[in-house]
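Undergrad: Produce the entire structure from the sequences given, and follow the hints as far as they go.
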Amino acid sequence: MSVIDVDEAGFETEVLARSRTLPVVVDFWAAWCGPCRQLGPLLEAAAAAREGKVVLAKIDTDANPGLAQAFGIQGIPAVKAFRDGAVVGEFVGAVPRAEVEAFFDQLVPSEADALVAAGDEESLRRALQIEPSRGDAAVALARIVLARGGLDEAAALLREVPAGFAADGLRARIELERAGALTEAFTAIDAGAGERAFDLLLGALADADGSREDVRRVIVGELAALPADAPRARETRRRLAALLF
Numbered sequence: 123m124s125v126i127d128v129d130e131a132g133f134e135t136e137v138l139a140r141s142r143t144l145p146v147v148v149d150f151w152a153a154w155c156g157p158c159r160q161l162g163p164l165l166e167a168a169a170a171a172r173e174g175k176v177v178l179a180k181i182d183t184d185a186n187p188g189l190a191q192a193f194g195i196q197g198i199p200a201v202k203a204f205r206d207g208a209v210v211g212e213f214v215g216a217v218p219r220a221e222v223e224a225f226f227d228q229l230v231p232s233e234a235d236a237l238v239a240a241g242d243e244e245s246l247r248r249a250l251q252i253e254p255s256r257g258d259a260a261v262a263l264a265r266i267v268l269a270r271g272g273l274d275e276a277a278a279l280l281r282e283v284p285a286g287f288a289a290d291g292l293r294a295r296i297e298l299e300r301a302g303a304l305t306e307a308f309t310a311i312d313a314g315a316g317e318r319a320f321d322l323l324l325g326a327l328a329d330a331d332g333s334r335e336d337v338r339r340v341i342v343g344e345l346a347a348l349p350a351d352a353p354r355a356r357e358t359r360r361r362l363a364a365l366l367f
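Everything in the sequence shown is counted per my numbering, starting at 123 for the first residue and increasing by one.
Simulated from the structure, these hints should not be mistaken for lab results. Watch out, some of these pointers could steer you wrong.
Said to hold, decoys possible - Think about it this way: if two alpha-carbon atoms lie no more than 20 angstroms apart in a straight line, the pair counts; the simulated EDC-like pairs of lysine to aspartate or glutamate are:
id, residue 1, residue 2
1, Lys175, Asp235
2, Lys180, Glu233
3, Lys175, Glu130
4, Lys180, Glu221
5, Lys180, Asp206
6, Lys180, Asp129
7, Lys180, Asp235
8, Lys175, Glu136
9, Lys180, Glu134
10, Lys180, Glu136
11, Lys175, Glu223
12, Lys175, Asp227
13, Lys175, Asp206
14, Lys180, Asp127
15, Lys180, Glu166
16, Lys175, Glu233
17, Lys175, Glu212
18, Lys175, Glu221
19, Lys180, Glu212
As the list claims (entries may be wrong) - DEER-style ranges, computed between Cβ atoms:
id, residue 1, residue 2, range
20, Trp154, Gly132, 21 to 31 angstroms
21, Arg356, Pro187, 48 to 58 angstroms
22, Val209, Asp242, 30 to 40 angstroms
Glycine is no exception: its CB is placed at the ideal position from the N, C-alpha and C atoms.
TA: Okay, structure coming up:
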C-alpha cells in the first residue's frame, strides 16, 4: 500500500510512527485546489514506483484543519517528508514531475545507489549498467580492477569520469604502474596497509623528478578515501605540505 488517506486521529500512527521504519511523504491538499489535482497524480505515481520503500499519506486540509495549523500550512499543495518522526524535506506548489522524482529520490536510494553502497565488484558493474555515468561506481570498480593488475580496464573505466581527487589519483597510479614505478607502495595500498603505503609514497615524492606530480596525485587520491579527521589523514597532509612547500 503506497498511498493512504490520513486524518487527525490517525496521524500519530500512520505518519509519525510509520516514518520510523520507512519514509512517509505527506500531501496536504483540498478538493477545490486546482494545483493539488495536478500534483496529486505525480506524487502517487512516484510513491507507487517505490512500493514498499515509501508511503504517501494524503491529508485533506479542509477536513483536518488542526493538522494544517500544526504544520503551518499556508498554501497548498504542500508536501512534507517525514523520517524518524520529523520533517526532513518539504516543498509547496505543483512542481514538475522531475522535481517530484528528485524529492522522492532523496528519501529512497535508487537501485544504483544501493549497489554502489554494497561496493563489491558484481554490484559495481551492475550499477554502471543501470547508470553508466556513475563516476563513484567507476572509481570504486577501477580500484578493484587495479588491485589485480587490470591497468587497461581501469583506464577505460576512468575515461569518462570527471576530474576529482580519487579519479585523478587512480589515473596517476596507472601511469606510474605502466612505468614500473612504486610497485611496493601500490602493493601496500591493495593490501590495506595504508600507513606503510603513505610512507613509501611520501618517500618517493621526496626523490621524484619527472613523476613528482603523479606521485602527489596518488597521495591526494588515497587521502580522499579516508575520513577528513582521521589521524593518519591529518599526519599525511602535514608531511605532504612540508615536502611540497
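Undergrad: For every hint, state whether the structure bears it out.
TA: Status of the hints after comparison with the structure:
Taken as a hint, the Lys175 and Asp235 pair is honoured in the structure, with Cα atoms around 14 angstroms apart against an allowance of 20 angstroms. In summary, the hint linking Lys180 to Glu233 is not supported, as the alpha carbons are separated by about 26 angstroms, beyond the 20 angstroms threshold. Using a Cα cut-off of 20 angstroms, the hinted pair Lys175 and Glu130 is violated, with the two alpha carbons roughly 24 angstroms apart. As the CA atoms of Lys180 and Glu221 are separated by approximately 19 angstroms, the hinted pair is consistent with the 20 angstroms bound.
Between the alpha carbons of Lys180 and Asp206 the distance comes to roughly 19 angstroms, so the proposed pair stays at or under 20 angstroms and holds. For the hint pairing Lys180 with Asp129, the CA-to-CA distance comes to about 9 angstroms; that is within 20 angstroms, so the pair holds. The hinted pair formed by Lys180 and Asp235 fails the criterion: a straight-line CA distance of about 28 angstroms is larger than 20 angstroms. The straight-line distance between the Cα atoms of Lys175 and Glu136 is roughly 15 angstroms, inside the 20 angstroms bound, and the hint therefore holds.
Between Lys180 and Glu134 the alpha-carbon distance is near 14 angstroms, which keeps this suggested pair within the 20 angstroms criterion. Restraint check for Lys180 and Glu136: satisfied, since their Cα atoms lie roughly 11 angstroms apart, inside the 20 angstroms limit. Proximity of Lys175 to Glu223 is assessed by CA-CA distance (about 14 angstroms); at most 20 angstroms being required, the pair is judged to hold. About 11 angstroms separates the Cα atoms of Lys175 and Asp227, which keeps this hinted pair within 20 angstroms; it holds.
Of the pairs offered as hints, the one joining Lys175 and Asp206 holds, with about 14 angstroms between alpha carbons and a cut-off of 20 angstroms not exceeded. Note on Lys180 and Asp127: the hinted pairing holds, with a Cα-Cα distance of about 5 angstroms set against a maximum of 20 angstroms. Among the hinted pairs, Lys180 with Glu166 is consistent with the structure: their alpha-carbon atoms are about 10 angstroms apart, no more than 20 angstroms. A distance of roughly 12 angstroms separates the Cα atoms of Lys175 and Glu233; the hinted pair therefore holds under the 20 angstroms criterion.
This hinted pair checks out: Lys175 and Glu212 have alpha carbons roughly 18 angstroms apart, not beyond 20 angstroms. Restraint check: the Cα-Cα separation between Lys175 and Glu221 comes to about 19 angstroms, which is no more than 20 angstroms; the hinted pair holds. As the CA atoms of Lys180 and Glu212 are separated by approximately 14 angstroms, the hinted pair is consistent with the 20 angstroms bound. Range check, Trp154 to Gly132: about 23 angstroms between beta-carbon atoms, so the 21 to 31 angstroms window is met.
Here the CB-CB span from Arg356 to Pro187 is close to 55 angstroms, well matched to the stated 48 to 58 angstroms. Hint check: Val209 to Asp242, Cβ distance near 35 angstroms, so the stated range 30 to 40 angstroms holds.
Hints 2, 3 and 7, counting from the list given before, are not met by this structure.
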